[in-house]
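Enquirer: Sequence:
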Amino acid sequence: MAFKLVKSTLKGSGPHKDMVFKMKRKKLEDGIAGEANNDGTIFVNKNIPKGSPLEAEVVAHEGDHMARMEKGELGYSDNDVTWRGKKYPRKDGKILYQGTWREEGWEQFPWEKLAYKVGTKAKKEAEKKNT
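Basically the numbering used here = 1-based index in the sequence shown + 21.
FYI, nobody ran anything at the bench for these hints, they're computed from the structure.
Possibly wrong hints are sitting among the right ones.
Stated by the list, open to error - DSSO-like mimics (lysine-lysine), calculated; alpha carbons at most 30 Å apart, straight line:
hint, residue 1, residue 2
1, K43, K107
2, K138, K67
3, K150, K47
4, K48, K67
5, K112, K45
6, K48, K149
7, K142, K92
8, K142, K71
9, K43, K92
10, K107, K92
11, K92, K134
12, K71, K138
13, K138, K92
14, K115, K45
15, K115, K142
16, K48, K115
17, K142, K45
18, K134, K48
19, K150, K43
20, K145, K43
21, K43, K134
22, K112, K145
23, K43, K115
24, K134, K45
25, K115, K150
26, K67, K107
27, K149, K43
What the hints assert, rightly or not - For each label pair, taking beta carbons as the anchor points, the in silico distance ranges come out as:
hint, residue 1, residue 2, range
28, K138, Y118, 15 to 23 Å
29, T152, K107, 35 to 43 Å
30, T121, P70, 16 to 24 Å
31, D101, K145, 30 to 38 Å
32, K71, K145, 16 to 24 Å
33, T141, I53, 16 to 24 Å
34, Y118, E148, 25 to 33 Å
35, E148, W122, 33 to 41 Å
36, I53, P110, 36 to 44 Å
37, N151, N100, 35 to 43 Å
Predicted model only: the values in this text are computed from it and were never measured.
Every residue gets a Cβ at the ideal spot worked out from N, C-alpha and C, and that includes glycine.
Start from the sequences and build out the full structure, keeping to the hints where you can.
Expert: Dropping the structure here:
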């Protein structure tokens, strides 16, 4: 799945071609590159250079989360993350997964594995375009 950035609007492609998301650049906490929000927006850390491969990676990663939220596969609340119908408690920046509290964004969460894969692909494509 790919997402094209057009004037702060993300438009999906492939099976998600009808999805449109708003992107906003914003100061985020240290170590946070992007966030997908329940209101249909994606935040990208304002310190990430516009048009960079890193921006492409973050937009694709968060766009994948947005697409999965739109499809009902993924959901976020202040107290939990729901993945394919199963709720995982969320507290103080961590999520309880298989008996262990892990930092949000941990690459081994099933929803993160998929988003990291999409983000990595977008970054590689952007790097090719920049060379």
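Enquirer: Decide, hint by hint, whether the structure agrees.
Expert: Cross-check of the supplied hints:
Restraint check: the Cα-Cα separation between K43 and K107 comes to about 27 Å, which is no more than 30 Å; the hinted pair holds. For the hint linking K138 to K67, the alpha-carbon distance of about 23 Å falls within 30 Å, and the restraint holds. Taking the CA atoms of K150 and K47, the gap is about 26 Å. The hint holds against a cut of 30 Å. A hinted pair counts as satisfied when its Cα atoms are at most 30 Å apart, and K48 with K67 qualifies at roughly 5 Å.
A threshold of 30 Å between alpha carbons decides the hint, and for K112 with K45 the separation of about 25 Å falls inside it, so the pair holds. Between the alpha carbons of K48 and K149 the distance comes to roughly 28 Å, so the proposed pair stays at or under 30 Å and holds. At roughly 21 Å between alpha-carbon atoms, K142 and K92 fall within 30 Å of each other, so this suggested pair holds. Between the alpha carbons of K142 and K71 the distance comes to roughly 18 Å, so the proposed pair stays at or under 30 Å and holds.
Annotation: proposed proximity of K43 to K92 holds, straight-line Cα distance about 17 Å (limit 30 Å). Pair hint K107 plus K92 holds up; C-alpha atoms about 15 Å apart against a cutoff of 30 Å. Restraint check: the Cα-Cα separation between K92 and K134 comes to about 17 Å, which is no more than 30 Å; the hinted pair holds. Simply put, K71 and K138 have alpha-carbon atoms about 21 Å apart, close enough for the 30 Å limit, and the pair holds.
Between K138 and K92 the CA atoms are separated by roughly 18 Å; this keeps the pair inside 30 Å, and the hint holds. For the hint linking K115 to K45, the alpha-carbon distance of about 24 Å falls within 30 Å, and the restraint holds. For the hint linking K115 to K142, the alpha-carbon distance of about 26 Å falls within 30 Å, and the restraint holds. Proposed proximity of K48 and K115 is supported: the alpha carbons are some 21 Å apart, at most 30 Å.
Note on K142 and K45: the hinted pairing holds, with a Cα-Cα distance of about 22 Å set against a maximum of 30 Å. For the given pair, K134 sits about 25 Å from K48 by alpha-carbon distance, which is consistent with the 30 Å threshold. Distance restraint check for K150 and K43: the Cα-Cα separation of roughly 24 Å lies within the 30 Å cut-off, and the hinted pair is therefore satisfied. A C-alpha spacing of about 23 Å is found between K145 and K43, which places the hinted pair at or below 30 Å, so the restraint holds.
A C-alpha spacing of about 23 Å is found between K43 and K134, which places the hinted pair at or below 30 Å, so the restraint holds. In summary, the hint linking K112 to K145 is not supported, as the alpha carbons are separated by about 33 Å, beyond the 30 Å threshold. With a C-alpha separation of about 26 Å, the suggested pairing of K43 with K115 holds against the 30 Å cut-off. The hinted pair formed by K134 and K45 meets the criterion: a straight-line CA distance of about 24 Å does not exceed 30 Å.
Straight-line distance between C-alpha atoms of K115 and K150 comes to about 36 Å, which puts the hinted pair past the 30 Å bound. Restraint check for K67 and K107: the C-alpha separation of about 33 Å exceeds 30 Å, so the hint is violated. A threshold of 30 Å between alpha carbons decides the hint, and for K149 with K43 the separation of about 26 Å falls inside it, so the pair holds. About 18 Å separates the C-beta atoms of K138 and Y118, a value consistent with the hinted range of 15 to 23 Å.
About 42 Å separates the C-beta atoms of T152 and K107, a value consistent with the hinted range of 35 to 43 Å. For the hinted restraint 16 to 24 Å between T121 and P70, the CB-CB distance of approximately 35 Å leaves it violated. Range check, D101 to K145: Cβ separation about 33 Å, and the 30 to 38 Å hint holds. Between K71 and K145 the C-beta distance comes to about 19 Å, which sits within the given range of 16 to 24 Å.
The beta-carbon spacing between T141 and I53, approximately 18 Å, falls within the hinted interval of 16 to 24 Å. As the Cβ distance of Y118 to E148 is approximately 31 Å, the hint placing it in 25 to 33 Å holds. Checked against the given bound of 33 to 41 Å, the beta carbons of E148 and W122, roughly 35 Å apart, stay inside it. Checked against the given bound of 36 to 44 Å, the beta carbons of I53 and P110, roughly 21 Å apart, lie outside it.
Restraint check, N151 to N100: a C-beta distance of roughly 41 Å satisfies the suggested window 35 to 43 Å.
Checked against the numbered hints above, the structure violates hints 22, 25, 26, 30 and 36; every other hint is satisfied.
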